[in-house]
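Chemist: Heads up: the sequence lines are chains U and W, in that order. Heads up: the first sequence at position 70 corresponds to 236 in my numbering, and the numbers run straight through without jumps. Heads up: the second sequence at position 137 corresponds to 142 in my numbering, and the numbers run straight through without jumps.
Hints were generated in silico from the structure; no laboratory data involved. Hints are supplied without guarantee of correctness; some may be wrong.
Per label pair, the in silico range of CB-to-CB distance [to be verified]: (1) W/Pro-133 / U/Ser-240: 34 to 42 Å; (2) W/Val-326 / U/Arg-216: 31 to 39 Å; (3) W/Ser-300 / U/Arg-216: 30 to 38 Å; (4) W/Pro-293 / U/Asp-172: 30 to 38 Å; (5) W/Asp-408 / U/Gly-225: 46 to 54 Å.
If we take Cβ atoms under 10 Å as the criterion, some of the chain W residues that face chain U in the derived model are [to be verified]: (6) Ser-67; (7) Glu-69; (8) Leu-73; (9) Ala-77; (10) Asn-311; (11) Arg-389.
Glycine included, each C-beta is placed from N, C-alpha and C at the ideal position.
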Amino acid sequence: MTEWHDAAAADALSDDEVMGLSIAGVPVALFRQEGAFFALHDLCSHGAARLSDGFVENGCVECPLHQGLVDIRSGAPCSAPITEPVRSYPVRVVGDRIEIALNR
Amino acid sequence: MTAMPESEATYVVVGGGQAAAWIARTLRAEGFAGRLVLIGEEPHWPYERPALSKEFLRGTGSVEAITLLGAAQAGEAGIECWLGQRVTAVDRVARVVTTAGGRSVAYDTLFLATGGRARRLPGLDTVPAERVHTLRTLTESERLRGALGGAKHLLVLGGGWIGLEVAATARALGVAVTVVEAAPRLCARTMPPVVSGWLHALHEANGVRVLTGTGVAGVTGTADGIAVTLAGGGRLEADHLLLGIGIEPEVGLAAAMGLALDDGILVDAQGRTSDPRIFAAGDVARHPNAFAGASLRLESWANAQNQAIIAAKAATGGTAVYADIPWFWSDQYGVTVQMLGLPGLGTRAVARGTPEAGSGCWLMLDDTGIVAGAVAVNAARDLRVLRKLLEDGRAPLPDAWTDSATPVQRLPSRPNVGMD
Ligand SMILES: Cc1cc2nc3c(=O)[nH]c(=O)nc-3n(C[C@H](O)[C@H](O)[C@H](O)COP(=O)(O)OP(=O)(O)OC[C@H]3O[C@@H](n4cnc5c(N)ncnc54)[C@H](O)[C@@H]3O)c2cc1C
Ligand code: FES
Chain U
167 MTEWHDAAAA DALSDDEVMG LSIAGVPVAL FRQEGAFFAL HDLCSHGAAR
217 LSDGFVENGC VECPLHQGLV DIRSGAPCSA PITEPVRSYP VRVVGDRIEI
267 ALNR
Chain W
6 MTAMPESEAT YVVVGGGQAA AWIARTLRAE GFAGRLVLIG EEPHWPYERP
56 ALSKEFLRGT GSVEAITLLG AAQAGEAGIE CWLGQRVTAV DRVARVVTTA
106 GGRSVAYDTL FLATGGRARR LPGLDTVPAE RVHTLRTLTE SERLRGALGG
156 AKHLLVLGGG WIGLEVAATA RALGVAVTVV EAAPRLCART MPPVVSGWLH
206 ALHEANGVRV LTGTGVAGVT GTADGIAVTL AGGGRLEADH LLLGIGIEPE
256 VGLAAAMGLA LDDGILVDAQ GRTSDPRIFA AGDVARHPNA FAGASLRLES
306 WANAQNQAII AAKAATGGTA VYADIPWFWS DQYGVTVQML GLPGLGTRAV
356 ARGTPEAGSG CWLMLDDTGI VAGAVAVNAA RDLRVLRKLL EDGRAPLPDA
406 WTDSATPVQR LPSRPNVGMD
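Starting from the given sequences, assemble the full structure and let the hints guide the process.
Modeler: So this is what it looks like as structure tokens:
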């Protein structure tokens with residue numbers, strides 16, 4: 167059964183913004199794109215960088231260390247040097263709260 | 006150019022480093038379906054070098070973490086890798102590549118990604134070899150790590166990026182370090198004085214003895230280490246010596262082949278050499294750089310990757326050109342320094358935040374007011390936005406740059422052209 171974790175207030179983010187969270191000890195980067203929320207594991211698959219410190223543009227987050235691009239919606243790698251996907255987590259909005267599921 | 010279908014063509018990549026790996030990967034990603042052979046002299050699968058002076062040297066990294074093209078990926082992508090084999094001859098007429106072991110392969114398109122080799126100092130023959138280190142390869146990093154394990158004092162010759170990163174890592178391992186640099190300041194080749202001064206202070210604050218403007222007259226072996234005689238008199242003893250005095254581009258093969266050279270293999274904006282069937286990329290290649298308005302041979306991770314990708318695309322019919330603004334980073338004592346453009350050409354520094362205190366960014370302007378580059382200290386985001394501006398041919402107003410309360414994207418800007 168999916169276990170949902172309370173993550174943030176639904177109005178905590180604007181479009182194209184990202185915030186870093188720790189949910190049950192797991193680092194999570196929470197994004198808002200065109201009003202919808204997406205969550206990725208907050209660690210680049212190339213090195214030791216937080217994607218929540220990255221730069222959001224055109225539906226991707228650019229890693230602050232080496233400028234690799236990751237698709238915010240899927241976690242898929244979009245440019246070098248990133249070749250492995252970043253894990254993406256399901257997100258839902260319940261009332262005025264955002265919830266994230268870690269197990270799936 | 007090749008009359009035969011690409012699926013019957015053979016593309017050969019000489020060099021087993023970062024650029025070589027990205028050429029091979031990109032060729033497959035772009036749909037090249039012919040035979041693809043990568044020939045590299047090192048015994049290792051292609052890897053990224055930056056960690057060799059940082060976490061890998063410190064002992065907290067792994068070969069796996071830096072491998073760029075492993076056995077499984079190469080197998081999956083159908084990339085034939087001849088590792089531990091040095092290419093010794095290329096016949097441009099017959100279009101055949103031959104290795105030291107006598108193996109050969111005919112090519113339709115050839116890529117040279119031979120990188121560079123660490124410069125040595127003449128007259129070291131009498132110094133015990135196990136006391137003298139250079140740092141270019143994984144093998145050398147492992148060897149240096151072993152040496153640091155038992156060392157009390159490391160002498161670093163050369164105050165450039167590699168020397169300084171090794172100094173920082175050695176300090177983290179509890180080793181005393183002296184850096185000897187002949188130039189009057191650190192990183193003088195690429196950095197403006199303000200950055201050299203900050204680096205100097207950073208290393209001294211971490212217990213490194215930094216001797217700039219200090220030449221070396223000779224190096225000798227001692228009973229249990231090495232001794233360096235300084236040009237101005239004086240003598241330093243240490244357990245080990247690291248030579249961090251730069252690299253020479255590995256152009257021997259290209260020279261023997263008669264390709265056009267100028268401190269590196271000359272290529273166009275798509276990585277093509279003077280022979281249209283042959284491409285080059287990475288540390289070994291000198292390309293026309295639009296931002297600099299000059300030809301540059303860059304020794305950086307980003308250049309090796311992105312120039313290689315463009316060359317591979319060009320070889321499969323792509324039209325993209327390599328037009329990146331130079332970008333480089335270094336990690337020392339937990340500080341990430343990122344450099345954009347050619348900050349060393351700037352004569353006026355305008356600081357945003359307090360880079361000298363560990364968070365901020367110097368904008369470097371030349372005499373005519375053009376932004377030549379920038380150096381960010383733990384300020385990746387500001388540099389990222391600045392890069393976007395410079396890519397669009399614009400630059401922030403220098404007076405506004407100091408306003409760190411306003412995000413860079415909201416600062417007033419102007420075309421990045423001279424003011425006089
Ligand atoms: C210790 C260290 C730290 C670094 N840190 C940073 C950093 O923090 N940031 C940054 O931007 N850059 C850094 N760099 C620079 C960056 O790693 C290089 O710019 C990059 O590796 C260049 O890639 P390349 O493929 O052109 O050359 P290389 O990586 O040198 O690869 C060339 C390969 O070709 C092989 N070869 C050469 N000749 C032949 C031949 N005839 N036959 C077969 N094989 C051959 C060589 O053995 C080698 O494996 C660092 C470099 C080093 C050494
Ligand atoms: S750590 Fe993210 S691109 Fe390298």
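Chemist: Are the hints correct? Go through all of them and say.
Modeler: These are the hints, each one checked on the structure:
For W/Pro-133 and U/Ser-240, the Cβ-Cβ distance of about 56 Å falls outside the hinted range of 34 to 42 Å, so the restraint is violated. For W/Val-326 and U/Arg-216, the hinted distance range of 31 to 39 Å is satisfied, since their beta carbons lie about 33 Å from each other. Distance hint check for W/Ser-300 and U/Arg-216: the Cβ-Cβ separation is about 37 Å, which falls inside the suggested range of 30 to 38 Å. Taken as a hint, the range 30 to 38 Å is violated for the pair W/Pro-293 and U/Asp-172, whose Cβ atoms sit roughly 55 Å apart.
Against the hinted window of 46 to 54 Å, the Cβ-Cβ separation of W/Asp-408 and U/Gly-225 comes to about 30 Å, which falls outside the hint. Proximity of W/Ser-67 to chain U is violated relative to the hint, the smallest CB-CB distance being about 12 Å (cut-off 10 Å). For the restraint placing W/Glu-69 at the interface with chain U, the shortest Cβ-Cβ distance is roughly 12 Å, beyond the 10 Å limit, so the hint is violated. Interface restraint check: W/Leu-73 against chain U, minimum CB-CB distance 8 Å, threshold 10 Å, status holds.
Contact between W/Ala-77 and chain U, as hinted, is not supported at the beta carbon level, the nearest pair being about 12 Å apart and thus beyond 10 Å. At its closest, the beta carbon of W/Asn-311 sits 7 Å from a beta carbon of chain U; the interface hint therefore holds under the 10 Å criterion. Nearest Cβ of chain U to the Cβ of W/Arg-389: about 5 Å, under the 10 Å cut. The hint holds.
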